[in-house]
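Colleague: Could you build the full structure based on these sequences and the hints that come with them?
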Amino acid sequence: MLIKTHNRIRLPDSNAEMKGIDIERDHQSLEDWLVTLEDWPALSLDDAVDDAARLCRAWLLLHCPSHPDHDAANICIRNGAPGPVIDFLGTSLASLPQPDPASLTPWHIFCPSAASASSDPTTMSAEIETRRRLSLITPPSMPMTDPARELLFTTNALLSPPLDPSSVHVPPSLRRQAQQFASRPQSFWYDHPVPLDASPAENEILYGLSKLDEALAQEVAMGSLAPGARIDLAMSISVTHEGMEDLASRYVSDLIANHLNLRHLRVFLFDESRCRQIVEHLCPTDAAAADVFGVNGAYGRHYSLLKAILLLWQVAVNPQARFTFKIDLDQVFDQAALLAETGRSALQLIANPLWGGRAVDHAGRQVDLGMLAGGLVNEADAPHGLYIPDVSRPRTDLVKAPLTSRRLFCPQWPQAISTEAEILQRDSGYQRIHVTGGTTGITAEALRTWRPFTPAFINRAEDQAYAMAALKEDSYLSHLHANGLIMRHDKQAFAGRSIDHASNGKAVGDIERLLLFSRYAELHGRGMAAVRDHLWPFTSCFVHPDAGTLARLIFALDGAARGGRFVAEGAPRLMRCLNFCDQGMERQLQHEQAGWQAIYGSLSVGRKNPGALTELIRYVSL
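Per the working numbering, residue 115 is the first one in the sequence shown, and the count goes up by one each step.
Some clues are possibly wrong.
To be verified - Listed below are the simulated BS3-like cross-link pairs for lysine-lysine, each with C-alpha atoms no more than 27 Å apart in a straight line:
# : residue 1 : residue 2
1 : Lys325    : Lys514
2 : Lys605    : Lys620
3 : Lys514    : Lys620
Claimed, not checked - Computed spacing ranges between beta-carbons, pair by pair:
# : residue 1 : residue 2 : range
4 : Ser367    : Ala315    : 18 to 24 Å
5 : Asp660    : Ala335    : 54 to 60 Å
6 : Ser589    : Gln697    : 28 to 34 Å
7 : Gly543    : Pro398    : 29 to 35 Å
What the hints contain is simulated information worked out from the structure, not anything from laboratory work.
Beta carbons: idealized from backbone N, C-alpha and C, even for Gly.
Modeller: Here it is, written out as structure tokens:
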């Protein structure tokens, strides 16, 4: 899959004194096409919320020679001590393409699919349907017929130290250790991890498991599931602070034991320590396998494990398991709505007779439909129907109005159109390129055939990166669109505090996605252009030939308003990301490929059931 390229994501020029750059001349103006006279107050140095925001404003003003604070900005940059913000931003925009003055936005340069979607959404929608439509569909020889026997659910629990270490909701037996981690630097960032002081009402783990068990109880009532049947669920436990693994596992175990009475689920927990024990058994001398088989770190790491774990299940727990389906704990099956609008229950929709089949795409390429994808509806919209996009079309006039990065980069536009045309497609016979982290599945056969994985450094769109590992010139692995398989997205109902706390980290992660996806696509054997075309129209936004310049502009524009932790914590993260893209990603990908080859090889067909491995897994059964 990988090729060696000589192109690199351009690192920003460092401090002017270090690089010898004349910051008075070596830049392009942002005026007229990005920053207008009406925006001048938004860049005032005196009105910045803090020094971090002031530094971002000063960098932007270097490229706005008419602004009254331009000279002050030069002085601010010249006199400022070298630091991560200037290290990341640099002092030059010499590589910036010249935007079209006639364009309403610079989207045609920095986010072409946003320009297309906003100007003609009907045409884009029709093009999506054409590209996703399949022909010559061949059903699998052995479709799912018995979900209780053949299906493995997976999910991930994300844990952070308590936001309020003194809260009564921190379990007393864990309080001292939890307080220690609350004051330590964060290692990994997630969208809305469960803090250890979450009340039962706002605890995503309790919410998701109880709702899934309720949905399965309704399957029993309908006769789709035997009264005594239990479906296995493998839960990864990822932590925001390295070293918190044991604490998090004890917390989740106690949480389930004390608050839940699960009747139709068997829950198995996998933290980093448990994964290490398993991989030592599978590949005792393989360092690469040990590095990839785990749950800490970016989303891509646990995502890959929660797919490959199906083969582990066949070996050590249930040889009849042939399908796995991942849900997120803030997503629920609304059985009443599913039955009313589709006539089928959740398990009936998951047991799609075409899942695992073959087809031909619009370009004549062979498509392995070994993956399955459903959709989402927001809880607020659910009373009005299932087929309501969970991503709304943005208003272009409002996007342009404030001085934010959305003037440059607005993936919300193609995301909305793709959701309408692809995710909410009501017909059968379609594949999916744009998928979500939950509501996705894969077959054991597809795992063995393609040996896919998401690189462990991917922290956004890990589901879409996963398919990139199985993209060849004339064939590829893809998701079958499961018409009607729509889960209700309830995160706003209980996770508001966690979402707010993680908002800065999420925003920085979106910029990292741009850098990482661009470099990953550049290294892909099919080449950046082919990858962009395959991921069109949404995920392709994050594959850009000048991702470094775009990332700097996004960071500066948003940092000029936000300041604070967004800038202070974001700049060193982004600088590390840039350095990794330029210097480490190619080697890391080769290392991870070797690791996953070892894992898949160890779990190949014909291996005898290892008793020690079985015990390791059953030990965490609740």
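Colleague: Note whether the CB distance of Gly543 and Pro398 lies within 29 to 35 Å or breaks it.
Modeller: Hint violated: Cβ distance 46 Å, outside 29 to 35 Å.
Colleague: In this structure, is the beta-carbon distance linking Asp660 and Ala335 contained in 54 to 60 Å?
Modeller: 56 Å, holds
Colleague: Holds or violated: 18 to 24 Å for the Cβ distance of Ser367 and Ala315?
Modeller: Since Ser367 and Ala315 have Cβ atoms about 20 Å apart, the given range 18 to 24 Å holds.
Colleague: If you draw a straight line from the CA of Lys325 to the CA of Lys514, is it 27 Å or shorter?
Modeller: 40 Å, violated
Colleague: Tell me if the beta carbons of Ser589 and Gln697 are separated by a distance inside 28 to 34 Å.
Modeller: 33 Å, holds
Colleague: Tell me if the straight-line CA distance from Lys514 to Lys620 falls inside 27 Å.
Modeller: 22 Å, holds
Colleague: Next pair to validate is Lys605 with Lys620; report whether the Cα-Cα distance is within 27 Å.
Modeller: Given pair Lys605, Lys620 holds - Cα atoms ~15 Å apart, limit 27 Å.
Checked against the numbered hints above, the structure violates hints 1 and 7; every other hint is satisfied.
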